[in-house]
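*Asks:* Please construct the entire structure, taking both the sequences and the accompanying hints into account.
Letter 109 of the sequence shown, counting from 1, is numbered 114 in my numbering, and no numbers are missing.
Since the hints were made in silico from the structure, they are not lab data. What you are looking at is a predicted structure, and each value in this text was computed from that prediction instead of being measured. Glycine included, each C-beta is placed from N, C-alpha and C at the ideal position. Treat the hints with care, since some could be wrong.
[As the list claims (entries may be wrong)] Pairs of lysine-lysine residues, derived as DSS-like cross-links and limited to a Cα-Cα distance of at most 30 Å, are as follows:
id : residue 1 : residue 2
1  : 275       : 19
2  : 75        : 19
3  : 291       : 19
4  : 19        : 95
5  : 75        : 98
6  : 231       : 291
7  : 75        : 95
8  : 95        : 73
9  : 275       : 231
10 : 291       : 275
11 : 73        : 98
12 : 98        : 19
[To be verified] Just the calculated beta-carbon pair ranges, DEER-fashion:
id : residue 1 : residue 2 : range
13 : 31        : 238       : 46 to 54 Å
14 : 73        : 238       : 28 to 36 Å
15 : 159       : 226       : 19 to 27 Å
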Amino acid sequence: MWTGVIPAVTTKFKPDGSLDHAEMERCFSVQMEAGCEGIIVCGSLGEGPMLSHDERIAVLQRAQSVTKGKPTLLTVAEAGTREACELAAKAAKAGASGLMVVPSPIYHTDPAETVETLRAVAAAGDLPVMIYSNRVAYRVDVTPEIMEELAADPRFVAIKESSDDIRRTTEIINRLGDRYAVLTGVDNLALEALAVGACGWVAGLVCAFPAETVAIYRLMQAGRLKEALAIYRWFRPLLDLDVSTYLVQNIKLAEALAINSTEHVRGPRKPLSGARREAVEAIVRKAIETRPALPAAA
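*Replies:* What follows is the structure, encoded as structure tokens:
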């Protein structure tokens, strides 16, 4: 359940801002057909904080209709622990496979508060939990020491490692062995993380380029580093678009160009424009024009 490429998908909207279920179903299906091992909805890339709880459950259910039994996770990233617990319980009732949980993105918890919050949300949902450790975006570092403190609770099963320090993957494995499934969550550190023991990739640019993302993962698992590295080097300018304040707009533009999807976002975001749009579009178009042939066995 906690291996392979698991897209953190974008949420699709109609021009009036309502959920576009048909386009989500189409785009989610593209991911599954490429060989992805599940879907995570309503994270940062999925504009979760801009959605009501009911909308998030609706997106979860749309993904479930496509994943056909493969893991479908809902992201819990609420300002308050009470609201996080409420959402976790709703996700469980809706049949989510698990949760990806972020400590409060508004109040930056200290280690004791982080542990208490994560335990409360896990208990409320009573589902398998992937801990999202992203000190860069959320300013809370879920450290290996915190992971060790939580290890006695079997509901904590995986880590989305997004500390932006490639050494962290090895530190987790050295300290905790195989207690947690460690998945890389930084697109432009993915190959490096897979090389040192990450067993999965929670990916963003996969939304626009699923075949290439899955190929890199499978080649790395097969020990075919040279072939994986060639694709990764081509992919790198695209992967850098995930590490940006504008990651949602960047990736939605990439989806529009690569898989003919839409760019509608929820305010206060606006689609890219001007020089920023031109720069991102140039990167995506060049990638499409120079797309590498993928190894047959990947």
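*Asks:* Now look at each hint and say whether the structure bears it out.
*Replies:* Right, here's what the structure says about each hint:
1. 275 / 19: Answer holds: residue 275 to residue 19 is near 14 Å, not above 30 Å.
2. 75 / 19: Holds, at about 27 Å.
3. 291 / 19: 28 Å, holds
4. 19 / 95: 25 Å, holds
5. 75 / 98: Between residue 75 and residue 98 the Cα gap is close to 17 Å, so the pair holds against 30 Å.
6. 231 / 291: Holds, because 22 Å separates the two Cα atoms, which is no more than 30 Å.
7. 75 / 95: Satisfied, since the Cα-Cα distance of roughly 19 Å is no more than 30 Å.
8. 95 / 73: 20 Å, holds
9. 275 / 231: Not satisfied, since the Cα-Cα distance of roughly 39 Å exceeds 30 Å.
10. 291 / 275: OK: residue 291 and residue 275 at ~24 Å, within 30 Å.
11. 73 / 98: 18 Å, holds
12. 98 / 19: 27 Å, holds
13. 31 / 238: 46 to 54 Å: 30 Å, violated
14. 73 / 238: 28 to 36 Å: 34 Å, holds
15. 159 / 226: 19 to 27 Å: 26 Å, holds
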